[in-house]
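**Student:** Using the hints, position chain B against chain A.
Chains as they are written, first to last, in this note's numbering: chain A, -15 to 395; chain B, 3 to 370.
If you are wondering where the hints come from, they were derived from the structure by calculation, not from laboratory data.
Worth double-checking, as some hints may not be accurate.
[Claimed, not checked] Here's a subset of chain A near chain B, in silico, CB distances under 10 Å, partners left out:
1) Thr63
2) Ala64
3) Cys74
4) Cys102
5) Asn104
6) Gly309
7) Cys337
8) Ile350
9) Met361
The C-beta atom is built at its ideal place from N, Cα and C for all residues, glycine as well.
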Amino acid sequence: MADAQTQTHKISSAGKMRELMTQYYLDALSARQNNKKVAWITSGGPVEPLVAMDIIPVYPENHGAMIGSAKMGESLCVTAEDMGYSADLCSYARADIACSVVKGGPIGGLPEPDMLICCNNICGTVLKWYEIQARYYNVPLFILDTPICHTGLSPAVENYVFHQLKEYVSFLENVTKTRMDPERMKQVGHDSYEAQILWQKILNTTAHRPSPMSAFDAFFFLALIVTLRGTRTAVTFYQELLEEMETRIQQNIGVVPKETYRLLWDNLPVWHKLKWLSDKFSSHNACLVADTYTSAWCGTITHVDEHRFFESMAKAYTQIYLNIGVDQMARQVLDMIDFYQADGLVMHSNRSCKPYSFGQMDIMEIVRKNRDIPVIMIEADMVDPRSFSTSQVDTRIDAFMEILSQRRQKQ
Amino acid sequence: MQDLIAPFHSAVNNVEATAAAIDKKIIGYLCSYAPEELIHAAGFHPLRLFSSQSGIVRAEGHLQAYCCAPIRGILEDALSGRLDFLEGAVFPHTCDSIQRLSDIWRMNTGYRHFWDVVWPAKLNTQSAHDYITAILEEFKASLETASGRPITPAMLADSIAIFNTLRSHLSRIHALALACPGQLKGSDFQALVKGSMIMDRKTAAHRLGSIVEQLASASGKPEPVKRVFLSGSMCDSPDIYTAIESSGAVVVGDDLCTGQRWFDTLVDDTIDPIAAIGKRYASRLNCPAKHAGLTTRSENILSQVRALDADGVIFVLVKFCDPHGFDYPDIKSVLDQHHIKNMVYEIDGQQINSGQLATRMETFIQMI
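With the rest of the complex left out, here is chain A:
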């Protein structure tokens, strides 16, 4: 019998996850037939009021990830460029805008929205992107404006965001012509809280050696906490996934056979190169045990009041990872390095995401000074493959792993 640590058991929950996501998209695509409203919403936006009002949330960013994974990003981005959008703009936005026009992509385009919900806690790009789509589809747009907390959340910002959350509910009530049930909202808030706690626990399991899953798995399992947060479906699924991770820990099953190096990933995934990157790091016995991206959907759980969920949303949604100062982001990276016992940091300098990427060089220096671990920066784009040089990244990862290996030998 093979040594448990060398086994490469697949994560069985992946099949269930695919089923749930397929069902979710089928529900969204057939919303009109079922007299349901569809709201497009940004990935960092508060989905819970939509769930509480039986509006189907659809995530163009999740769709962008699907386009990237399906390697359909380049042609859609080129289509957007033919429409006049610069190749320097966010590839999620370019791909989505093009998809709306040509009805392309892996699922033939998203279901048309009845309304758009844009929360700018992740970037200013979404504001422009949603303005474009609001004009294209001629549907109402609600902007939840969450001013950045460079050095902390001020009372003025919290008041402003809280006031807008009430405007958000009024907006939904106007569009749907129905009242929100406060009790239903409480239940959804509770389910959202529970799912976020579970998601954090799942991510925490990778602190174990060997890690039962990698950041590449987290990129995949993330979809539910983004799209179905606030539903029992998400809670039940994550309970099962957590159980599976705990079982893998008990059985000493690591996702990377002979896990030798543990790495932390920063920024969005390079969706079109996930498999290649996963194989590349695995070939060096390196496991990407955690990342700053997937933890964003549970990173502000300390600001969430389970019993007063709606009231606490202003604090929670305004202080997510991308809406804080670079020095605060660096502190979180250092905490993750410690918690997950990371030997190195892999930073994706993502041409599509300026608020995530600008400041990375300062974080890199802070990590080097405070933790003395190697850091590599990979130039790429989350969806557009034209910004990725396989041979260059291949060589750089080899060199990076060589440094890690030399350090390990000296210890």
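**Tutor:** Using the frame of chain A, we list chain B on its own:
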């Protein structure tokens, strides 16, 4: 006339020397959303930061090459000591790049004062207006702490009056120059606007007043030249105006934050001053990093082009400027629908290729 204009060119071209001659502590600011009246009323001298367009060396270690040239250039200037005359800086929140520059600046420079003025992204709701008032009050209080003295209503009223005078003069000069093209070169007018963001404001207002008088008394007939409208964020280069004029056209209007967007709309001096400053920002034409409606910017350009009887529009876009990049296809489409000829000119990096610029402008102007 040139004697009156020369000091503005000098201020733009010799910022350090201009700053050295100012007997107030100097506060740099990043974009036109900096509430200059408050900075001025606190006894500081507000000075808009433009990239000196020197080579990027130190900023390479902080900002990737896909960050726009103005932001990288300003950081380079700060890190290499060219802005040592500053006492502090104000970062109004507009785009993602300024947002991150603020963090990098705070973490890597040692100026005495630092402020983020975190504007709302939307400007067209009551809650946003209330929030604007709240952040302006916070900024005022913080300036008072920094200067060690209160900003009295009289001080604020004086500052508002000076800035309103500057804006009124620039609007008047623009109108007079339009009535008689050729009296004032585009590059000169650009220097008047930019210089007014750098020089002592009272001095600038006085000199602009003299220019208004001279232009008002000048005689001449409008020449039959092509009329173009410039649209974009900032136009940092006088070469663009020169290339347009050399091709037989004049710039009759713009929506640049280094142009009309900076001096259009006065602060209402009949209402509460803080509310009035906020109201001006909410009511003037917005930067595309802000939301003021789905069609506000395209409608504005269309109405300006019609009012100014412009023959065409030149989009002057700074490479890697996302807000303008996202707006461009929609605005272009609106112009196309109305058969208004337009062209995009992208400013890439620090330098402008003058040969290519001249060819592009000549070709476009021949077409319109």
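**Student:** In ascending order, which of the hints set out earlier in this document are inconsistent with the structure?
**Tutor:** Of the numbered hints, just 1 does not hold.
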